[in-house]
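Given next are the chains, with one letter for each unit.
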Amino acid sequence: MSTSTGRDGTWLSQRMPTRDDLPGLLVVPNIAWYGLFMAFPLVYLVFLSFTDANGAEDLLRGTYTFIGFDNYAGLLSDRQFWNSFLVTWLFVFTSLALKIILGVSLAMLLTHQWVRGKRYMRALAIIPLGLPPIFMITLWRSIFSGARFGVANEVYITIAGLVVENPTPIGWFANRWLAFMTYVLTEVWMAYPFVLIIVVSALQGVDKELHDAAKVDGAGFFNRFYHVTLPQIKRPVWFASILTAAASFQQFLIPLIFNDGGPARQNELILFYGYREAFQAPPNMGEGAAIMVIALIFIGMFMWLNVKKGRLAEGINN
Amino acid sequence: MSIAQSLRDDAVHAARWPIRVGQQTRRTLGGLKDGEIGITDIAPPVVGTLFAILVLLIILFPVYWMIAAAFAAGTGAASLYEEGFFASPTEWSLEAFEWVIYESAFVFDSYPQGEAGLLDYLYAFSGSYLANSLQIVIPTVIFSMVLIVPAAYAFSRHDFAGRTPLLYGYVLLTQVGSGITVAALIAIYVVFNWLGFTNSHLAIAALYAAGALPFNTWLLKTFMDSIPRSYEEAAIMDGAPRRTIFREIILPLSKPGLAAVLIFVFLSGWNEFILAQILLGADKYPLSVGLYLLLEEYGTPWGQFAAFSMLYALPVVLIYFFAQRYVESGLSFGGMDG
Numbered sequence: 001m002s003t004s005t006g007r008d009g010t011w012l013s014q015r016m017p018t019r020d021d022l023p024g025l026l027v028v029p030n031i032a033w034y035g036l037f038m039a040f041p042l043v044y045l046v047f048l049s050f051t052d053a054n055g056a057e058d059l060l061r062g063t064y065t066f067i068g069f070d071n072y073a074g075l076l077s078d079r080q081f082w083n084s085f086l087v088t089w090l091f092v093f094t095s096l097a098l099k100i101i102l103g104v105s106l107a108m109l110l111t112h113q114w115v116r117g118k119r120y121m122r123a124l125a126i127i128p129l130g131l132p133p134i135f136m137i138t139l140w141r142s143i144f145s146g147a148r149f150g151v152a153n154e155v156y157i158t159i160a161g162l163v164v165e166n167p168t169p170i171g172w173f174a175n176r177w178l179a180f181m182t183y184v185l186t187e188v189w190m191a192y193p194f195v196l197i198i199v200v201s202a203l204q205g206v207d208k209e210l211h212d213a214a215k216v217d218g219a220g221f222f223n224r225f226y227h228v229t230l231p232q233i234k235r236p237v238w239f240a241s242i243l244t245a246a247a248s249f250q251q252f253l254i255p256l257i258f259n260d261g262g263p264a265r266q267n268e269l270i271l272f273y274g275y276r277e278a279f280q281a282p283p284n285m286g287e288g289a290a291i292m293v294i295a296l297i298f299i300g301m302f303m304w305l306n307v308k309k310g311r312l313a314e315g316i317n318n
Numbered sequence: 001m002s003i004a005q006s007l008r009d010d011a012v013h014a015a016r017w018p019i020r021v022g023q024q025t026r027r028t029l030g031g032l033k034d035g036e037i038g039i040t041d042i043a044p045p046v047v048g049t050l051f052a053i054l055v056l057l058i059i060l061f062p063v064y065w066m067i068a069a070a071f072a073a074g075t076g077a078a079s080l081y082e083e084g085f086f087a088s089p090t091e092w093s094l095e096a097f098e099w100v101i102y103e104s105a106f107v108f109d110s111y112p113q114g115e116a117g118l119l120d121y122l123y124a125f126s127g128s129y130l131a132n133s134l135q136i137v138i139p140t141v142i143f144s145m146v147l148i149v150p151a152a153y154a155f156s157r158h159d160f161a162g163r164t165p166l167l168y169g170y171v172l173l174t175q176v177g178s179g180i181t182v183a184a185l186i187a188i189y190v191v192f193n194w195l196g197f198t199n200s201h202l203a204i205a206a207l208y209a210a211g212a213l214p215f216n217t218w219l220l221k222t223f224m225d226s227i228p229r230s231y232e233e234a235a236i237m238d239g240a241p242r243r244t245i246f247r248e249i250i251l252p253l254s255k256p257g258l259a260a261v262l263i264f265v266f267l268s269g270w271n272e273f274i275l276a277q278i279l280l281g282a283d284k285y286p287l288s289v290g291l292y293l294l295l296e297e298y299g300t301p302w303g304q305f306a307a308f309s310m311l312y313a314l315p316v317v318l319i320y321f322f323a324q325r326y327v328e329s330g331l332s333f334g335g336m337d338g
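The listed protein sequences correspond, in order, to chains G and Y.
Sequence positions in the first sequence follow our numbering and run 1 to 318.
Sequence positions in the second sequence follow our numbering and run 1 to 338.
Any given hint could be a false lead.
To be verified - Derived CB-CB ranges, DEER-like:
1) TRP17(Y) <-> ILE297(G): 44 to 52 Å
2) LEU94(Y) <-> GLY218(G): 57 to 65 Å
3) TYR81(Y) <-> GLY218(G): 52 to 60 Å
To be verified - List of simulated lysine-lysine pairs, DSS-like, C-alpha gap at most 30 Å:
4) LYS208(G) <-> LYS118(G)
5) LYS118(G) <-> LYS33(Y)
6) LYS255(Y) <-> LYS118(G)
7) LYS118(G) <-> LYS308(G)
8) LYS234(G) <-> LYS208(G)
9) LYS215(G) <-> LYS308(G)
To be verified - According to the in silico footprint, chain G covers these stretches of chain Y (three or more CB under 8 Å from chain G):
10) 165-173
11) 188-200
Calculated from the structure, these hints are not laboratory results.
Note that beta-carbon positions come from the ideal geometry of N, C-alpha and C, so glycine has one too.
Isolated chain G (complex conformation) (with noise of 0.2 Å):
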């Protein structure tokens, strides 16, 4: 190869398309489509985010001014912004883990010797993943409805029958902790299937002759699952937790939906405090696109590390 960048243009044309290049064509549309309609989008939100407008009249008509970083530096003393911040991070961690835990045990009965019709059962578990998100959350807000006969109602006045009398009915999306902890049962709830697939074909693979060995020798139910099962699902799990962490990290549907991230703004995950920032009467759309910038940066990082660990980039060179 040359490497002459001289007068007679080598450099140049060896970077010029060739005819070898022309199937790349067939790419251009998709990659200016997605470029013009989701790239370009969000390359302005990032000059938003420098700037002052309020709402979208500014914007259009250009009166606004640039104010570099100070949009970032009003949030990072802003304990509204960082209420937001560590509320969805425990939203993340706390549903992630339930999760987990519920897609294992779920995937290790639904795979167990002893339950017959384990395939349609399988298929009935999985039901969460094929309804509408908007409709999951619709009921579950319904679930939790206030009134005196709404099913959360029901189950909390019959077990806490047994213990006071005539317990009195809980608004649940009043207080801060049990509306938190709503998000987190509705999260977990749409989110199991997914891990259940995922763990289920990882203990498909899980050798069975290692469990026998195992259990000849004596070692007992947790000794098995500690040696045995647990280091062969490890890898898909640790998968299936980073690609749901993320989706629970743009969790902006429940709070929407179930009562505007409050009480009094408590459990505003980070893209509805965004949302809320930018469109609520006054709207700030400068700080709202810094607050997107933000929770932008934090959903980069967990996609690199899903294709770093998730080796999904192998797949490139095929």
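With chain G held as given, fit chain Y onto it using these hints.
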């Protein structure tokens, strides 16, 4: 084997399960009577199975509750304010579903009264949530397929300048779903207002298609990668042009992949809520937003709401039920064999 054929086999197999269970039960009972099988042999499977059923019943109770509410309109089981979740079958009626069709804006924005011709029905349909949803979903599917199929083919079968970095970018983007769209919401709102794209079904379909591109292009590419190259090499030997190879070999062999992509693209248009609510006007809202508005409307009876949302979810459920193998292959790709 064609897709329709394998679907039919699945359905037949599923429909026959009561027969299989019956046969097995009879065999077990017979064995028990003859003393061939001891009680200690069947106790663990019975206990295990009953326990699994109990767990499933608890987890899926919300789904049962919604179905019961929809079919028990007007009774206690269809109300948040009256006692009882368990409607007796004698109370079941289709009242709530009739309400969805005749009174709500699901299928007709206002049901034609008196002597109405076909045109009146069509006109009433055109203003409904369902019509709006279709006007979004159909262009979303068309845009996406037109953009995805050639790109996936080129990524899978050709090498060109910039292929590796572009693919790497797409792989990164497959790993996050709607979050990016929500994050970009502010900018999208401003840009769309600026371009005058608000309140347009086509514009929002273009947006959904864009959001679905990285994941589905990558998915279809991995499907195409699994088609053996020797098929094409044989065709090239015979002097077939590239276009023929694509049409006669690649496309037919990637049918399962195309089915999966079609399903995911359809769902991305059908399920989306927040962009539609922000970018469209009230007269153009799709079903997802209609569902939300119904919930916000104080005093919508729970049974009617349940019927509405069940009809909204129905196509999605059917897709998952009948096309599970394609959906699963898409959902789990990359995660299964790490």
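- Hint numbers not upheld by this structure, sorted from lowest to highest: 7 and 9
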